[in-house]
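J.: Please construct the entire structure, taking both the sequences and the accompanying hints into account.
Top to bottom, those sequences are chains A and B. Sequential numbering from 6 applies to the first sequence in the working numbering. Sequential numbering from 263 applies to the second sequence in the working numbering.
Everything labelled a hint here was simulated from the structure, so no lab data went into it. One or more hints might be untrue.
Distance condition first, Cα-Cα at most 27 Å in a straight line; then the derived DSS-like pairs of lysine-lysine [said to hold, decoys possible]:
{"hint": "1", "chain 1": "A", "residue 1": "LYS30", "chain 2": "B", "residue 2": "LYS413"}
{"hint": "2", "chain 1": "B", "residue 1": "LYS594", "chain 2": "B", "residue 2": "LYS354"}
{"hint": "3", "chain 1": "B", "residue 1": "LYS519", "chain 2": "A", "residue 2": "LYS30"}
{"hint": "4", "chain 1": "B", "residue 1": "LYS647", "chain 2": "B", "residue 2": "LYS543"}
{"hint": "5", "chain 1": "B", "residue 1": "LYS647", "chain 2": "A", "residue 2": "LYS16"}
{"hint": "6", "chain 1": "B", "residue 1": "LYS647", "chain 2": "A", "residue 2": "LYS54"}
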Amino acid sequence: MNTRLEGKAWKFGDDVNTDLIVPGKYLELVNYSEIALHAMEGIDPDFPKKVRKGDIVVGGRNFGCGSSREHAAIALKQVGVGAVIAESFARIFYRNAINLGLPVLECPAIVETVGEGDILDVDLIGGKVKNKTTGRELVFVPLPGFMVDILEEGGLVAYLKKHKDEC
Amino acid sequence: MGMTVSEKILARASGQEKTRAGEIVKAEVDVAMMPDLTTILSINAMREMGFRRVWDRDKVVIVLDHVAPASTLLAATVHRDIREFARDQSLKHLYDVDSGVCHQVLPERGHIKPGYLVVGADSHTCTHGAFGAFATGVGSTDMGAIIGTGKTWLRVPETIRVDVDGKLPEYVAPKDVILYIAGQIGADGATYKALEFGGGTVSGMSVSGRMTLCNMAIEMGGKAGIVEPDEKTFKFLEGRTDGIFDPVYVDEDATYKRVLRVDADTLEPQVACPHKVDNVKPISEVSGTRINQAFIGSCTNGRLEDLLVAASILDGRHVHRDARLLVVPASKEVYLQALDRGIIRSLLEAGAVVSNPSCGACFGGHIGLLAPGEVGITTSNRNFKGRQGSPEALVYLASPAVAAASAVMGVITDPRDLP
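T.: Structure representation (C-alpha cells):
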C-alpha cells in the first residue's frame, strides 16, 4: 500500500464502540462487501453512501472499544476508508485494523485540529498529518516497523503468506 | 524485581525466564476459543494464510452460542459450515447450540487452568482470568493465524492492581464491585493493561463472582483480568480437568502501574447508566427510573448464584405488570442445577421468561430486544447505544439482585427497599 494518504475527514466523537460501527444483528454476515453496507450504521446509517475511497475517519478517545468483532474494521476498510486517526484506540480494534491493512494512527490533538470535511494528507512513515484545508500540521508517533510491514503487504494474511513462520 | 501474574504467564508461554511490561513476545497459546459469529471469518483467514489444518485439534475449542439455536438462515448456514469444519478437522471440542455461553462452557468443561495463555475470538475472553489464566480477546484475522500456528505476538501489559477489602453488605454483589471499579477507572483507563483483582473480599468471593469481575476488564479497555488461584479455584477445576496445575502467583515486589483500593463495607448497589459502562452511579441516584425489561443472564451474571439470588427476591412476589423479566442461564450445567433446585420453577411462576442458554439477549441478537423508547435493566456487560435492540432504547447495567427487584417494582429498585 501507499504510505502517503490523502482524503476527506469524517469526524466522530469519543468511545465509538464496535457495536456502533457494525451493530450486533449483522454479525452473521461473512461477506466483506455485505458487512461494508453497515459501516457506522449505529451513528450514521448513510455513511456507506457518502464516504469516498481514501476518506479518513477521525475519532476521539477510545475508538473501537467493546466487542472484538473484526466486522468493525472490515466494514471501514471495505467501504473505502483510507485510515482512522484518533486520540486513542481500544486494543483489539487497533490490532484488527493493522491485520486487515487499515492504517490506524494515534494522534492526541487530532479532534481539535480537524473539522468535518477537511482534507488531510497523511505521511505514515514520517509520522505527519497535514490539514490541507487549514494548513495546520500534526505529528504522531510513527507505527513500529513490523506494523508498517504488515500494512505494506496489505494485511496479516498477505504478510503471513510471505513469512509463514512469523505471527 | 518481581513479576506480575501477566508477566510470569507470558514469560512461560514465550519460553523466557522473565518478561517485562512493554516487551513484545511471541507466545504459544494453550487454548484457542471461537464462538459461532467469529469462527467463519477466522477459518477463512486461516485458509487464506495457507494453513490447511489447525495446529492442534485438542486445543481449538468452538462454541455455538451467540445465535443458539439459529434464528435466521444466515446463522443456520454459519452453524452448518462450522460443524463441517469441525468434522473435517477432527476437532475434539465443538460445543453445539445446547451447551451455553462460551465463557461459561470453557471452564465448566475443563479447558481452562491456572497459568494458561487463553485467546478467544470474543472480547469477554478475559473472564477466564478468574482461574488465574492470562486470557485475552482477539479478532478473526489474529485467530486465523493462531489456529494455524498455535502462536501469537503479544505486548506484555502493565498491570493495575485492584485490592478490594471488607465485607460486602447484603444484596451488594461482585457486579456492584466491578461496576464501581469501572466508574473509577473509566472506559479506557485500563487500555492495553491487565487488571489484577485481590484483597480479602475477592478471596472470599466464589469462583462465579470472580468471573464477574474479570469479565468486565475489557469494559475498561483491559487486555486481561486476573485473580490469583486458590483452593476455591482448584476445587472448581477438580474433576473437570486432569487436576495437574501449574499455578502462578504475583511476586511481592512486582511493579504496578497503579493500585486502586476499594472498600467493600461501604459499597451500595451500583448502576451503569446509558450509554457508557463507566457512567456508574450508586443506585440511590437512579432508583425509581421506569423499566420495561429486566434481563438476568450472560457471561457476566448468568450463573447459579445469580439465578439463586433472583429467585430468592422473586419468592412470594411477581414481575410487575408493566415489565417483563428474561432469565437466560449461562450454560446447560447452570440450567440443570437451577432445575434441580427448583429455581426455574420459581422464576417461571413469578412471571419470568426462561430461555435456553445463549448470548442473544446480551448483544441485540435473536432474543429479548428493546423497542424504541423502551428501557432495559440488564446483568450483562454493555449498555452501548443500540446494544440490546433499538438505538432509541436505554440500557442500565446492574447486579442480578437489582435486576430482579426492578422487575418486581417496574422501576429501578434497591433490593433492600423492597416492601
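J.: Does each hint fit the structure? Answer for all of them.
T.: Structure-based check of each hint:
1. A:LYS30 - B:LYS413: violated, 31 Å
2. B:LYS594 - B:LYS354: holds, 19 Å
3. B:LYS519 - A:LYS30: violated, 38 Å
4. B:LYS647 - B:LYS543: holds, 18 Å
5. B:LYS647 - A:LYS16: holds, 18 Å
6. B:LYS647 - A:LYS54: Answer holds: B:LYS647 to A:LYS54 is near 22 Å, not above 27 Å.
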